[in-house]
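J.: Chain residues, written in single-letter form:
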Amino acid sequence: MTRIAEVPAYFDDKSFDLFAQGFGAWPPEERMLFDARAATWASPYGLIGMLTAAQALREAHREKPLFTVPASDEVRRYWAKTGFFKHAADLFEIHGKVPRVPASEDSDHLLDITAVGASEDVHQVVGRIQERAARMLSDELGLEAKATMGFAMALSEACQNIVEHAGTSGWVAVHLYNFRKRLGRRVIVIAVSDAGLGFRRSLEATQAKRFGDRWGDAAALEAALIQGVSRFRDPGRGQGLAGIKRYLSRWDGKISIRSGTARLSIVPKWDDDVPLAENLPFFPGSQVQVVIPAQEGGAR
Amino acid sequence: MIQMIPLGRVLKETVSTPYRDLVTRPTGAAVRGWIQRAIAGSEAPTTMLDFTEVGLLDFSCADEIVAKLLLDADPGTEQYVMLLGTREDHAEAIDHVLNNHALAIAVVAGPGEPPMLLGRVTPELQRVFRCVFWSGPGDAGSIAESLGWTIERAADALLTLSLLRLLRAEAGTFHPLSQ
Numbered sequence: 001m002t003r004i005a006e007v008p009a010y011f012d013d014k015s016f017d018l019f020a021q022g023f024g025a026w027p028p029e030e031r032m033l034f035d036a037r038a039a040t041w042a043s044p045y046g047l048i049g050m051l052t053a054a055q056a057l058r059e060a061h062r063e064k065p066l067f068t069v070p071a072s073d074e075v076r077r078y079w080a081k082t083g084f085f086k087h088a089a090d091l092f093e094i095h096g097k098v099p100r101v102p103a104s105e106d107s108d109h110l111l112d113i114t115a116v117g118a119s120e121d122v123h124q125v126v127g128r129i130q131e132r133a134a135r136m137l138s139d140e141l142g143l144e145a146k147a148t149m150g151f152a153m154a155l156s157e158a159c160q161n162i163v164e165h166a167g168t169s170g171w172v173a174v175h176l177y178n179f180r181k182r183l184g185r186r187v188i189v190i191a192v193s194d195a196g197l198g199f200r201r202s203l204e205a206t207q208a209k210r211f212g213d214r215w216g217d218a219a220a221l222e223a224a225l226i227q228g229v230s231r232f233r234d235p236g237r238g239q240g241l242a243g244i245k246r247y248l249s250r251w252d253g254k255i256s257i258r259s260g261t262a263r264l265s266i267v268p269k270w271d272d273d274v275p276l277a278e279n280l281p282f283f284p285g286s287q288v289q290v291v292i293p294a295q296e297g298g299a300r
Numbered sequence: 001m002i003q004m005i006p007l008g009r010v011l012k013e014t015v016s017t018p019y020r021d022l023v024t025r026p027t028g029a030a031v032r033g034w035i036q037r038a039i040a041g042s043e044a045p046t047t048m049l050d051f052t053e054v055g056l057l058d059f060s061c062a063d064e065i066v067a068k069l070l071l072d073a074d075p076g077t078e079q080y081v082m083l084l085g086t087r088e089d090h091a092e093a094i095d096h097v098l099n100n101h102a103l104a105i106a107v108v109a110g111p112g113e114p115p116m117l118l119g120r121v122t123p124e125l126q127r128v129f130r131c132v133f134w135s136g137p138g139d140a141g142s143i144a145e146s147l148g149w150t151i152e153r154a155a156d157a158l159l160t161l162s163l164l165r166l167l168r169a170e171a172g173t174f175h176p177l178s179q
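Same order as they appear, the protein sequences are chains A and B.
Under my numbering, think of the first position of the first sequence as 1, with each following residue one higher.
Under my numbering, think of the first position of the second sequence as 1, with each following residue one higher.
For the record, the hints were derived by calculation from the structure and aren't laboratory data.
Some hints here could point you the wrong way.
To be verified - In silico EDC-like cross-links for lysine to aspartate or glutamate, where the CA-CA straight-line distance does not exceed 16 Å:
id	chain 1	residue 1	chain 2	residue 2
1	B	Lys12	A	Glu29
2	A	Lys64	A	Asp17
3	A	Lys64	A	Glu93
4	B	Lys12	B	Asp50
5	B	Lys12	B	Glu53
6	A	Lys97	A	Glu120
7	A	Lys146	B	Asp50
8	A	Lys146	B	Asp89
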């Protein structure tokens, strides 16, 4: 038996839950088919979400999932340029024609989809991105030069979340695109996803008792993102997310973390997202999205 | 006597990376270990960590290097740490992590300028710290007189600064670290 997870036509953080719903009870017993034929666009969050799902299936010892590529040649080429198919080749049995496009010096991809599993990977990511980030933040988003260092710090801390807490490897991608629907401005999006423990399991031993009946995915996210709690007893821990929040408050950015069945966001005025969404379809690990918008009058 | 430690060079020796960035906790812990060994092997009471060649410093690495170095300092030893060559973003990360631990550190500014303090330091402590820098070593009485404070108030601030290892106390006299 094969179970179909339909890839939303417009696949971003908003439509992610629709995708997660396709798996039913986790891990699904049936072989999965990721049907991307109708896909017309995917954000970095959507792209690495698909890789995460396939990795989680592998770690749950399920049969290699099937993947049908987008019908649109343009979409296939775009996904190839992001590095998606390069990583997907190892995780999926791919059906359909995959264009041979080298992953990318595309101007909108600040960082192609990159695997993160160890501290050295974070060094690579941060080292590679700084020069291009400086140019994009200033030219495309109208941010001051000093925003670049904060951006790289936020990226570093988001990636370290995988290394420190996930118990497995994950993925990161950084793209620049036009947030026409929600904002009418250009944005840079950092997406980080892993198929690991998730926040609830990571914090359970130290925090479950404190929250009592309230303990669950939402409470775990609240402990980590709002209260700065870490599973380590070391008092210096938990500063990574605090640092990201500090950076985002300065540049009117948004952070959103989905783990298990909940998603918690710090929502700036320009967005209409809910701060907390509970009882979502389960999805393994943790997915972090950071959005930094062009400054008003600074967008191109 | 001051021992200088160029962190850019320490990074190259401890982590095999072509980059100049101090990022991640494992990197920070490795660099801190190197610094602690250097301090233990030196007779200089003050160690200056030079950030001049450092690219990015993230919060986790700042916590591992600077905050934990101060937290791990043996209270029985006369060892002091100062910073040099920090950029605005370095200072911001260090200030953030030190505040979290209620610690502080001095950063050497331009020639002849009093060091800048990062971390949890009240304006009152800042004032006493600058006073000692400008007037040189002194006791509670001389500092109280310079500031127009009571001796108790000055003594309290001087003691706090020495406990934070921002001044060196010696037989009731408080010395700036960089002199």
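J.: For every hint, state whether the structure bears it out.
T.: Now the hints, each set against the structure:
no.: 1; hint: Lys12(B) with Glu29(A); in the structure: 49 Å, violated
no.: 2; hint: Lys64(A) with Asp17(A); in the structure: 22 Å, violated
no.: 3; hint: Lys64(A) with Glu93(A); in the structure: 7 Å, holds
no.: 4; hint: Lys12(B) with Asp50(B); in the structure: 14 Å, holds
no.: 5; hint: Lys12(B) with Glu53(B); in the structure: 11 Å, holds
no.: 6; hint: Lys97(A) with Glu120(A); in the structure: 34 Å, violated
no.: 7; hint: Lys146(A) with Asp50(B); in the structure: 21 Å, violated
no.: 8; hint: Lys146(A) with Asp89(B); in the structure: 8 Å, holds
The structure does not agree with the numbered hints 1, 2, 6 and 7 stated previously, though it agrees with the rest.
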